[in-house]
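Those protein sequences? They're chains A and B, same order as listed.
If you count the first sequence from 1, position 33 lands on 32 in numbering that gives the first Met the number 0, and the numbers rise without skipping.
If you count the second sequence from 1, position 316 lands on 315 in numbering that gives the first Met the number 0, and the numbers rise without skipping.
No wet-lab data here; the hints were simulated from the structure.
For glycine and all other residues, C-beta sits at the position ideal for the given N, C-alpha and C.
Hints may contain errors.
Claimed, not checked - In the DSS-like style, the derived pairs of lysine-lysine whose C-alpha atoms are separated by at most 25 Å in a straight line are:
{"id": "1", "chain 1": "A", "residue 1": "Lys97", "chain 2": "A", "residue 2": "Lys72"}
{"id": "2", "chain 1": "A", "residue 1": "Lys85", "chain 2": "B", "residue 2": "Lys170"}
{"id": "3", "chain 1": "B", "residue 1": "Lys683", "chain 2": "B", "residue 2": "Lys708"}
{"id": "4", "chain 1": "B", "residue 1": "Lys174", "chain 2": "A", "residue 2": "Lys82"}
{"id": "5", "chain 1": "B", "residue 1": "Lys118", "chain 2": "A", "residue 2": "Lys81"}
{"id": "6", "chain 1": "B", "residue 1": "Lys681", "chain 2": "A", "residue 2": "Lys81"}
{"id": "7", "chain 1": "A", "residue 1": "Lys85", "chain 2": "B", "residue 2": "Lys681"}
{"id": "8", "chain 1": "B", "residue 1": "Lys681", "chain 2": "B", "residue 2": "Lys573"}
{"id": "9", "chain 1": "A", "residue 1": "Lys97", "chain 2": "B", "residue 2": "Lys80"}
{"id": "10", "chain 1": "B", "residue 1": "Lys681", "chain 2": "A", "residue 2": "Lys82"}
{"id": "11", "chain 1": "A", "residue 1": "Lys81", "chain 2": "B", "residue 2": "Lys114"}
{"id": "12", "chain 1": "A", "residue 1": "Lys97", "chain 2": "B", "residue 2": "Lys118"}
{"id": "13", "chain 1": "B", "residue 1": "Lys118", "chain 2": "B", "residue 2": "Lys60"}
{"id": "14", "chain 1": "A", "residue 1": "Lys85", "chain 2": "B", "residue 2": "Lys182"}
{"id": "15", "chain 1": "A", "residue 1": "Lys81", "chain 2": "B", "residue 2": "Lys511"}
{"id": "16", "chain 1": "A", "residue 1": "Lys82", "chain 2": "B", "residue 2": "Lys175"}
{"id": "17", "chain 1": "B", "residue 1": "Lys60", "chain 2": "A", "residue 2": "Lys82"}
{"id": "18", "chain 1": "A", "residue 1": "Lys85", "chain 2": "B", "residue 2": "Lys174"}
{"id": "19", "chain 1": "B", "residue 1": "Lys80", "chain 2": "A", "residue 2": "Lys82"}
{"id": "20", "chain 1": "B", "residue 1": "Lys449", "chain 2": "B", "residue 2": "Lys30"}
{"id": "21", "chain 1": "A", "residue 1": "Lys34", "chain 2": "A", "residue 2": "Lys97"}
{"id": "22", "chain 1": "A", "residue 1": "Lys81", "chain 2": "B", "residue 2": "Lys573"}
{"id": "23", "chain 1": "B", "residue 1": "Lys511", "chain 2": "B", "residue 2": "Lys552"}
{"id": "24", "chain 1": "A", "residue 1": "Lys24", "chain 2": "B", "residue 2": "Lys175"}
{"id": "25", "chain 1": "B", "residue 1": "Lys503", "chain 2": "B", "residue 2": "Lys552"}
{"id": "26", "chain 1": "B", "residue 1": "Lys80", "chain 2": "A", "residue 2": "Lys24"}
{"id": "27", "chain 1": "B", "residue 1": "Lys552", "chain 2": "B", "residue 2": "Lys458"}
What the hints assert, rightly or not - Covered stretches of chain A (chain B as the covering partner; in silico rule of three or more C-beta atoms under 8 Å from a C-beta of chain B):
{"id": "28", "region": "9-15"}
{"id": "29", "region": "28-37"}
{"id": "30", "region": "56-65"}
{"id": "31", "region": "80-90"}
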Amino acid sequence: MNSRIENQTLYLMPEADLVASCIEKHRDYFVEQLKKNSDVTEIILDANGVETVDSLGVNLIIGLYRQAASETKVFEIIGAGKKFIKVADFFRFSSLFKIEAQGEL
Amino acid sequence: MIEQDELLANFVDESLQHLQTIEPDLLEMEKNRDNVDSEVVNSVFRAIHSVKGASGFFGLKNIGELSHKMENLLSLLRDSKISLTPELIDALLAGVDSLRVMVEDVGESDSFDIKDDLKRIQVLLESDDKNPPKTVSISEKTENDDSRMFDFFEDDIKRFIKTGMHVYSLKLSLKKDITEQGKTPYDFINNMESTGQYVDSMLDINSVNGLSDCMENDLTFIFVYASILEPDLVPVALEVPQDRITVINIDEYKEKHMEDLTSVQESNHDQAEQPDSEVITAEQPAEQPVDPLVSKTTDKKTEPAEKASRQIQAEEKIRVGVNFLNDLVNLAGELVLGRNQLLQIALPLIKDRPGLNPVVQHVSRITTEMQEKIMQMRMQPVSVLFGKFHRVVRDLAKKLNKEIDLKTSGEEVELDKTIIEALSDPLTHLIRNCVDHAIEFPEEREKAGKPRRGTIELKAYHEAGQVHLEVVDNGAGIDACSVGRKAVEKGVITDEQVESMTEKEMLRLIFKPGFSTAKEVSDVSGRGVGMDVVITNIAHLGGTVDIDTSFGKGTSMKLVLPLTLAIVSGLVIKAADQNFIIPEANIEELVRIKPDEIESRINVVHDALVLRLRESLLPLINLKEILGLSDNTERGLDNIDRNDPVKVLVTRHGSSRMGVVVESLENIEEIVVKPLPRYLKKLKCYSGASIMGNGTVSLILDIAGIVEKAKLHFTEDV
Numbered sequence: 000m001n002s003r004i005e006n007q008t009l010y011l012m013p014e015a016d017l018v019a020s021c022i023e024k025h026r027d028y029f030v031e032q033l034k035k036n037s038d039v040t041e042i043i044l045d046a047n048g049v050e051t052v053d054s055l056g057v058n059l060i061i062g063l064y065r066q067a068a069s070e071t072k073v074f075e076i077i078g079a080g081k082k083f084i085k086v087a088d089f090f091r092f093s094s095l096f097k098i099e100a101q102g103e104l
Numbered sequence: 000m001i002e003q004d005e006l007l008a009n010f011v012d013e014s015l016q017h018l019q020t021i022e023p024d025l026l027e028m029e030k031n032r033d034n035v036d037s038e039v040v041n042s043v044f045r046a047i048h049s050v051k052g053a054s055g056f057f058g059l060k061n062i063g064e065l066s067h068k069m070e071n072l073l074s075l076l077r078d079s080k081i082s083l084t085p086e087l088i089d090a091l092l093a094g095v096d097s098l099r100v101m102v103e104d105v106g107e108s109d110s111f112d113i114k115d116d117l118k119r120i121q122v123l124l125e126s127d128d129k130n131p132p133k134t135v136s137i138s139e140k141t142e143n144d145d146s147r148m149f150d151f152f153e154d155d156i157k158r159f160i161k162t163g164m165h166v167y168s169l170k171l172s173l174k175k176d177i178t179e180q181g182k183t184p185y186d187f188i189n190n191m192e193s194t195g196q197y198v199d200s201m202l203d204i205n206s207v208n209g210l211s212d213c214m215e216n217d218l219t220f221i222f223v224y225a226s227i228l229e230p231d232l233v234p235v236a237l238e239v240p241q242d243r244i245t246v247i248n249i250d251e252y253k254e255k256h257m258e259d260l261t262s263v264q265e266s267n268h269d270q271a272e273q274p275d276s277e278v279i280t281a282e283q284p285a286e287q288p289v290d291p292l293v294s295k296t297t298d299k300k301t302e303p304a305e306k307a308s309r310q311i312q313a314e315e316k317i318r319v320g321v322n323f324l325n326d327l328v329n330l331a332g333e334l335v336l337g338r339n340q341l342l343q344i345a346l347p348l349i350k351d352r353p354g355l356n357p358v359v360q361h362v363s364r365i366t367t368e369m370q371e372k373i374m375q376m377r378m379q380p381v382s383v384l385f386g387k388f389h390r391v392v393r394d395l396a397k398k399l400n401k402e403i404d405l406k407t408s409g410e411e412v413e414l415d416k417t418i419i420e421a422l423s424d425p426l427t428h429l430i431r432n433c434v435d436h437a438i439e440f441p442e443e444r445e446k447a448g449k450p451r452r453g454t455i456e457l458k459a460y461h462e463a464g465q466v467h468l469e470v471v472d473n474g475a476g477i478d479a480c481s482v483g484r485k486a487v488e489k490g491v492i493t494d495e496q497v498e499s500m501t502e503k504e505m506l507r508l509i510f511k512p513g514f515s516t517a518k519e520v521s522d523v524s525g526r527g528v529g530m531d532v533v534i535t536n537i538a539h540l541g542g543t544v545d546i547d548t549s550f551g552k553g554t555s556m557k558l559v560l561p562l563t564l565a566i567v568s569g570l571v572i573k574a575a576d577q578n579f580i581i582p583e584a585n586i587e588e589l590v591r592i593k594p595d596e597i598e599s600r601i602n603v604v605h606d607a608l609v610l611r612l613r614e615s616l617l618p619l620i621n622l623k624e625i626l627g628l629s630d631n632t633e634r635g636l637d638n639i640d641r642n643d644p645v646k647v648l649v650t651r652h653g654s655s656r657m658g659v660v661v662e663s664l665e666n667i668e669e670i671v672v673k674p675l676p677r678y679l680k681k682l683k684c685y686s687g688a689s690i691m692g693n694g695t696v697s698l699i700l701d702i703a704g705i706v707e708k709a710k711l712h713f714t715e716d717v
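Bound-form chain A, shown alone (with noise of 0.2 Å):
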């Protein structure tokens, strides 16, 4: 899992599938991340590492969102690969917040 700042911005990197497996490992780097950088005013979520997203994955993305939420944080997704836009296309995320996809073919 990776996370870097640029600008006001903290993108989280996770480098593996939202799946049950590392949900947990994967929320508490989260948390701790914010708390680090608690200044921030925008979280971009990197998804160029991640190819599944099972239930608890879409949990954790709701999660995240509504702590950004809550803390007036604009939130978004980047890099997101095909699954995962069907996913977030199903779940209607886009309604939510911004989602953008891997670059084409």
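Please arrange chain B on chain A, whose structure you already have, making use of the hints.
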């Protein structure tokens, strides 16, 4: 390896067939942009999908990639998520062109550059839709009397009703109904899409406040889904409990918009004005899902008879290789020759053998029928040819900023496959000429009091045993005098020659090589190469080309062609004791001039023999003289035997008529046309040869070649 080659050949064959069906469908979609028939879109989608699927089997990367992108675009269109725009049609047509090129050269398809096609489609896939489709909102009341609103695209609702689909709402918990069932949301979505269509959804995020409780609390989501599955099958298909599923009643929408739905069914014309969005309330019962909808059969529209009959026709067809057909035609020809010989030999014996005649007649009849059936197998409707010109006119008119409609009629008229193939280039040239030269720009047409849009009509019909094809435009027409002047300028003819020409003869100068009245050469036309090739190609087919024009009003190009080249009905005649055959299609009438009428009816005008026939003067040629079979050196009237009646065949070539003096007429036969050997092909007076019943060879006369050899000069009737 051989098997792989055969499979690949089949792929090429089938893919080209698929691609052939797509173009007219795309043009139809463009024409009916405001009310696209979903079945047409589906048909295009299926065709592209088939090409994509099959290309994957052979590892054809580029074909697969391009067809996949096109499929994505069509999928959005099919789901009403994108509007049909001219750019979209252009992109799909360009994609079809590229696919066709790749399939035709399948071995090199992966080196074909598809970047531009992909980019073009990608832009459309990403573009904001500035004309979003109309939506209908359906609210669903819950047991708590809350209501949720779900958006349907109006076109989707109409389609669901039309196809008898049910609409369901499902309320599921992510953890309980997905994770604990060992599935992922992605698996669930795929399963759902394989049994129906996703419409809308809503994720209830209120149970999660942030990262601290997101793992503990379950998220609920509700989604709306349309499927042809009955309510009792949905739980099985989606692997969810029955009590999660509610049927959404869309009867209210149906009742409100029945007229509109009927008109969509019958003619694809929108009649009722719809508000951009309207709300229909669907009741959700407290405990049980709503009973299955009232019988679908009351609402489900029957397939149009046309579509049903098209389907039946498709099931009855079988594909046969062209080489196999050609072999059959050759065999049919040999059978006809054999039958003719049998008849010749058997006829004198019939009197002495009582049972022989019925057998011979039976064999003759069967042979004729078999020959006709086999020839029919080679016949194709001209729609095969006409179909492609819609695209040609559309693309060219667009390029030249002209507005032109192409109308076709007589598509069902059939011609031999060889002739159809040979007509493609000449007709293309005639159509392109019409678009480029004949039809004026819209502003010019309006100034001339004509409709802004020009019309080109392509017609086909049978007449007198031949096929007539006409290309008629309502454009500027041709000024015959201007053509004459241009011909002199270009050195095609001299001033003196043009002075003695009729209007018709001046018009025919456009068929001379190098002639063009185009003000500038464009990449469409104007090089003066096309029209002479048109007339040569048509002549090679045994056909003729005629022009009729009215300056300022329009022009008509008429092509007259034989139905088939393989077997023709011909009159056997004698000249200089040799048998020749004239195709019956060229013969107008037989004139027998008695010896005492010769002086009055056959004259010499400008050193040429002419025949007075009713009110006309016909050029007259002596066949044996023209063919160089005359024993003596006498010419003209002196070479005609005045002791016996003179037999004259009045023949027609295009719009020109002439008389041919022959020695005798034998009989009419079905002639199997054999091509001339290479060393005789330069003899313009003959178009082929045939083997007679007695085994001798007779040459088939080419009237056009005889006219040319006789250097006949056709003038207006006197």
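So, going through the hints one by one against the coordinates:
no.: 1; hint: A/Lys97 <-> A/Lys72; in the structure: holds (13 Å)
no.: 2; hint: A/Lys85 <-> B/Lys170; in the structure: holds (19 Å)
no.: 3; hint: B/Lys683 <-> B/Lys708; in the structure: holds (8 Å)
no.: 4; hint: B/Lys174 <-> A/Lys82; in the structure: holds (19 Å)
no.: 5; hint: B/Lys118 <-> A/Lys81; in the structure: holds (19 Å)
no.: 6; hint: B/Lys681 <-> A/Lys81; in the structure: violated (67 Å)
no.: 7; hint: A/Lys85 <-> B/Lys681; in the structure: violated (70 Å)
no.: 8; hint: B/Lys681 <-> B/Lys573; in the structure: holds (22 Å)
no.: 9; hint: A/Lys97 <-> B/Lys80; in the structure: holds (19 Å)
no.: 10; hint: B/Lys681 <-> A/Lys82; in the structure: violated (70 Å)
no.: 11; hint: A/Lys81 <-> B/Lys114; in the structure: holds (21 Å)
no.: 12; hint: A/Lys97 <-> B/Lys118; in the structure: holds (24 Å)
no.: 13; hint: B/Lys118 <-> B/Lys60; in the structure: holds (17 Å)
no.: 14; hint: A/Lys85 <-> B/Lys182; in the structure: holds (15 Å)
no.: 15; hint: A/Lys81 <-> B/Lys511; in the structure: violated (62 Å)
no.: 16; hint: A/Lys82 <-> B/Lys175; in the structure: holds (22 Å)
no.: 17; hint: B/Lys60 <-> A/Lys82; in the structure: holds (22 Å)
no.: 18; hint: A/Lys85 <-> B/Lys174; in the structure: holds (19 Å)
no.: 19; hint: B/Lys80 <-> A/Lys82; in the structure: holds (20 Å)
no.: 20; hint: B/Lys449 <-> B/Lys30; in the structure: holds (22 Å)
no.: 21; hint: A/Lys34 <-> A/Lys97; in the structure: holds (23 Å)
no.: 22; hint: A/Lys81 <-> B/Lys573; in the structure: violated (81 Å)
no.: 23; hint: B/Lys511 <-> B/Lys552; in the structure: holds (24 Å)
no.: 24; hint: A/Lys24 <-> B/Lys175; in the structure: holds (22 Å)
no.: 25; hint: B/Lys503 <-> B/Lys552; in the structure: holds (17 Å)
no.: 26; hint: B/Lys80 <-> A/Lys24; in the structure: violated (39 Å)
no.: 27; hint: B/Lys552 <-> B/Lys458; in the structure: holds (18 Å)
no.: 28; hint: 9-15; in the structure: violated (count 0)
no.: 29; hint: 28-37; in the structure: holds (count 3)
no.: 30; hint: 56-65; in the structure: holds (count 8)
no.: 31; hint: 80-90; in the structure: holds (count 5)
Against the hints set out earlier in the document, violations occur for numbers 6, 7, 10, 15, 22, 26, 28.
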